[in-house]
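Asks: Listed below are the residues making up each chain.
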Amino acid sequence: MPVKRSGIVTLLTDFGTADHFVGVMKGVIASIAPRVRVVDISHEVPPYGARAARFLLGQSWKWFPEGTVHVVVIDPGVGTSRNALVVEAGAHLFVGPDNGVLSEPLQIKDARARTITNRKLCMKEMSQTFHGRDVFAPVAARLAAGLPAARVGPAAADAMMVTTDAPVRTGKRYWQGEVAYVDRFGNLITNFAVRDFPELKTRPFALRAGFEALTELKENYAAGAPGEPVLLAGSSGCLEVAVNQGDAARQLGLALGSPVELEIR
Amino acid sequence: MPVKRSGIVTLLTDFGTADHFVGVMKGVIASIAPRVRVVDISHEVPPYGARAARFLLGQSWKWFPEGTVHVVVIDPGVGTSRNALVVEAGAHLFVGPDNGVLSEPLQIKDARARTITNRKLCMKEMSQTFHGRDVFAPVAARLAAGLPAARVGPAAADAMMVTTDAPVRTGKRYWQGEVAYVDRFGNLITNFAVRDFPELKTRPFALRAGFEALTELKENYAAGAPGEPVLLAGSSGCLEVAVNQGDAARQLGLALGSPVELEIR
Amino acid sequence: MPVKRSGIVTLLTDFGTADHFVGVMKGVIASIAPRVRVVDISHEVPPYGARAARFLLGQSWKWFPEGTVHVVVIDPGVGTSRNALVVEAGAHLFVGPDNGVLSEPLQIKDARARTITNRKLCMKEMSQTFHGRDVFAPVAARLAAGLPAARVGPAAADAMMVTTDAPVRTGKRYWQGEVAYVDRFGNLITNFAVRDFPELKTRPFALRAGFEALTELKENYAAGAPGEPVLLAGSSGCLEVAVNQGDAARQLGLALGSPVELEIR
Numbered sequence: 002m003p004v005k006r007s008g009i010v011t012l013l014t015d016f017g018t019a020d021h022f023v024g025v026m027k028g029v030i031a032s033i034a035p036r037v038r039v040v041d042i043s044h045e046v047p048p049y050g051a052r053a054a055r056f057l058l059g060q061s062w063k064w065f066p067e068g069t070v071h072v073v074v075i076d077p078g079v080g081t082s083r084n085a086l087v088v089e090a091g092a093h094l095f096v097g098p099d100n101g102v103l104s105e106p107l108q109i110k111d112a113r114a115r116t117i118t119n120r121k122l123c124m125k126e127m128s129q130t131f132h133g134r135d136v137f138a139p140v141a142a143r144l145a146a147g148l149p150a151a152r153v154g155p156a157a158a159d160a161m162m163v164t165t166d167a168p169v170r171t172g173k174r175y176w177q178g179e180v181a182y183v184d185r186f187g188n189l190i191t192n193f194a195v196r197d198f199p200e201l202k203t204r205p206f207a208l209r210a211g212f213e214a215l216t217e218l219k220e221n222y223a224a225g226a227p228g229e230p231v232l233l234a235g236s237s238g239c240l241e242v243a244v245n246q247g248d249a250a251r252q253l254g255l256a257l258g259s260p261v262e263l264e265i266r
Numbered sequence: 002m003p004v005k006r007s008g009i010v011t012l013l014t015d016f017g018t019a020d021h022f023v024g025v026m027k028g029v030i031a032s033i034a035p036r037v038r039v040v041d042i043s044h045e046v047p048p049y050g051a052r053a054a055r056f057l058l059g060q061s062w063k064w065f066p067e068g069t070v071h072v073v074v075i076d077p078g079v080g081t082s083r084n085a086l087v088v089e090a091g092a093h094l095f096v097g098p099d100n101g102v103l104s105e106p107l108q109i110k111d112a113r114a115r116t117i118t119n120r121k122l123c124m125k126e127m128s129q130t131f132h133g134r135d136v137f138a139p140v141a142a143r144l145a146a147g148l149p150a151a152r153v154g155p156a157a158a159d160a161m162m163v164t165t166d167a168p169v170r171t172g173k174r175y176w177q178g179e180v181a182y183v184d185r186f187g188n189l190i191t192n193f194a195v196r197d198f199p200e201l202k203t204r205p206f207a208l209r210a211g212f213e214a215l216t217e218l219k220e221n222y223a224a225g226a227p228g229e230p231v232l233l234a235g236s237s238g239c240l241e242v243a244v245n246q247g248d249a250a251r252q253l254g255l256a257l258g259s260p261v262e263l264e265i266r
Numbered sequence: 002m003p004v005k006r007s008g009i010v011t012l013l014t015d016f017g018t019a020d021h022f023v024g025v026m027k028g029v030i031a032s033i034a035p036r037v038r039v040v041d042i043s044h045e046v047p048p049y050g051a052r053a054a055r056f057l058l059g060q061s062w063k064w065f066p067e068g069t070v071h072v073v074v075i076d077p078g079v080g081t082s083r084n085a086l087v088v089e090a091g092a093h094l095f096v097g098p099d100n101g102v103l104s105e106p107l108q109i110k111d112a113r114a115r116t117i118t119n120r121k122l123c124m125k126e127m128s129q130t131f132h133g134r135d136v137f138a139p140v141a142a143r144l145a146a147g148l149p150a151a152r153v154g155p156a157a158a159d160a161m162m163v164t165t166d167a168p169v170r171t172g173k174r175y176w177q178g179e180v181a182y183v184d185r186f187g188n189l190i191t192n193f194a195v196r197d198f199p200e201l202k203t204r205p206f207a208l209r210a211g212f213e214a215l216t217e218l219k220e221n222y223a224a225g226a227p228g229e230p231v232l233l234a235g236s237s238g239c240l241e242v243a244v245n246q247g248d249a250a251r252q253l254g255l256a257l258g259s260p261v262e263l264e265i266r
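Protein chains in written order, with the numbering used here: chain Z, 2 to 266; chain C, 2 to 266; chain L, 2 to 266.
There may be inaccurate statements among the hints.
The list treats identical chains as interchangeable, and a pair is accepted whether it falls inside one copy or across any two copies.
What the hints assert, rightly or not - With a straight-line cut-off of 27 Å between C-alpha atoms, the simulated DSSO-like cross-links for lysine-lysine are: (1) 219 <-> 121; (2) 202 <-> 125; (3) 219 <-> 125; (4) 219 <-> 63; (5) 63 <-> 110.
It should be emphasised that the hints constitute simulated quantities derived from the structure, not laboratory data.
Predicted model, so just to flag it, every value in this text is computed and none were measured.
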């Protein structure tokens with residue numbers, strides 16, 4: 002049974018908002034599907050920032066109604082032989098290049114990926130450098146308006162999936178993780194999902210990040226004195242290092258991808 | 002009589018637009034109230050920038066249709082015991098934390114503030130760090146869809162109100178004011194409301210800002226030679242110092258909060 | 002026959018998104034025409050950046066449905082005697098100051114320009130510094146809701162048109178062009194429209210940009226080795242210099258307006 006569409010398309014790109022790229026994608030969508038509404042997730046993904054894009058997609062898609070079409074355009078290989086995908090997963094739809102940015106939905110149990118081969122769904126004149134406009138926007142608009150996903154093309158046999166985003170166990174008591182995202186406030190969001198570590202509530206532990214070792218879960222940002230690093234179960238569902246009214250990334254000297262270590266005793 | 006809803010929710014936050022926060026709030030609103038439309042006022046309020054947020058809210062809400070729901074999330078105390086408010090005032094509705102950011106609507110004559118205590122209106126699993134998603138967005142969506150404000154909770158007895166935003170009389174002829182906002186062009190918007198100083202049209206005066214003393218109201222930015230500071234009755238209704246095709250804040254060395262003095266002779 | 006309206010207004014300004022200006026324009030539009038939808042093209046045009054605005058308008062308007070109203074507010078002369086225009090051209094409508102930013106639609110064959118003189122279509126109290134709110138937004142909202150363009154005012158006899166955006170032939174084999182735009186990725190988009198130079202496909206040529214001479218059209222960004230400048234027929238329809246996963250503007254030391262030369266042998 003195909004999922005009923007919500008009539009919403011979300012956009013996640015590295016296009017920025019200064020240029021015409023995002024506006025043009027919205028024009029294409031409005032031309033094809035006038036009733037579809039577009040919601041921006043972010044256009045400030047660092048150019049070619051696949052890791053950040055995977056995080057932002059993972060954080061946002063679930064909060065939209067079922068049947069929403071999520072478009073991700075982080076696409077340094079645009080115009081090469083890389084494929085374009087539509088993924089149905091978790092009662093949502095995802096559209097983007099086959100370069101790993103759709104890893105999160107591809108890992109959902111019921112995921113079904115298809116390669117976009119039906120050129121009739123794309124713009125007639127196709128550029129080699131702006132598939133956001135010529136492929137992803139028109140296909141997303143049509144999907145959001147009700148087009149069955151099967152119409153875009155055949156099943157994709159081996160869509161690219163990045164599965165290195167999870168922590169790795171490195172010893173009986175040790176897990177190696179990383180900073181999965183740094184938000185605007187400088188909060189360091191790790192890849193330690195709180196639900197995967199129930200021992201955090203019952204046993205002594207230490208999260209090591211830079212020169213800090215945090216051994217207690219706090220309730221909120223204000224639980225620390227100003228300037229003091231605190232460890233939280235963040236709104237992302239992951240362990241997060243913050244500094245009350247400060248910038249943890251700057252203070253601890255860490256960035257996206259920096260290693261963090263969890264020890265549970 | 003409850004105000005008829007316009008079906009619009011506005012958002013004013015310090016979340017920036019690079020992260021997922023704003024997109025997630027819009028997803029929550031779309032999930033609860035699919036027909037409600039969301040308009041961004043700004044997400045570039047400096048982190049914890051309550052003064053700028055009060056100015057931006059004051060400048061924008063009146064331009065929307067009656068029955069619009071305005072959400073303000075500048076919330077360093079998220080997850081602490083600070084309350085969350087709904088304010089009905091001037092035929093609009095306002096939603097945000099009880100930390101002073103809603104001072105402008107709270108000072109309207111007919112203002113009625115309520116504390117959000119009805120947890121059924123919020124997300125089931127509530128984080129301690131992202132009430133924009135878990136409290137403010139769902140409550141705003143429901144209000145915009147028609148929920149009577151009385152349903153959110155009881156009257157708030159002593160909502161926090163910042164009333165220091167107005168100029169202070171410091172002598173027979175002198176008022177001490179401040180730079181209330183610096184806009185993208187570097188224009189210095191003061192807290193001197195032109196309508197409160199009708200003498201500006203009939204008597205000699207001087208506005209002192211940095212090392213400049215401006216003694217004449219000009220019609221528009223182009224009334225000054227390039228590089229010359231000019232004083233205007235700005236679009237905000239307040240005295241504004243600008244430099245034609247230049248940046249007054251940089252040129253005069255002033256910033257948000259800098260003192261300015263008005264002398265009326 | 003008047004064009005049927007699409008119900009969409011696009012906005013292109015130099016207002017940035019930190020201040021209240023764009024939100025206020027959307028509030029005015031929603032108050033006047035509740036069903037009209039607003040799409041942002043860009044608000045990051047450099048202050049007074051007329052050249053960039055002309056490029057962005059030229060790149061975006063055609064991708065929207067016929068009957069869309071495109072508002073451009075780059076307006077250093079706001080409040081002076083400069084006129085405000087409505088241009089009907091190519092089955093779209095354009096609204097903005099008469100200072101050259103509407104040059105692109107004005108050069109379309111069927112273009113008809115009118116001066117906005119009907120004050121009833123504007124806000125009652127009109128500021129001298131924010132015609133985006135007081136003139137352009139309300140007029141655009143009414144046009145988008147169906148108001149015939151003739152109602153705004155009389156035909157504009159000599160609307161300002163900038164026609165220096167095209168390359169100039171400087172010799173039998175030489176054309177002098179310029180960088181028309183630098184996008185977020187640092188790609189240098191020239192003003193050489195590919196369709197005007199069919200010889201590029203059949204004869205030897207060289208595009209000189211900074212210290213580089215590019216003699217081959219590549220298919221896409223990834224066609225160059227990382228760090229190597231490549232010449233493309235870009236998605237804008239113009240010759241474009243890019244660096245695979247790099248920043249051509251920085252690497253070649255060029256910016257908006259920098260000269261480039263095309264030689265066709």
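Asks: What hint numbers does the structure not satisfy?
Replies: Result: no hint breaks.
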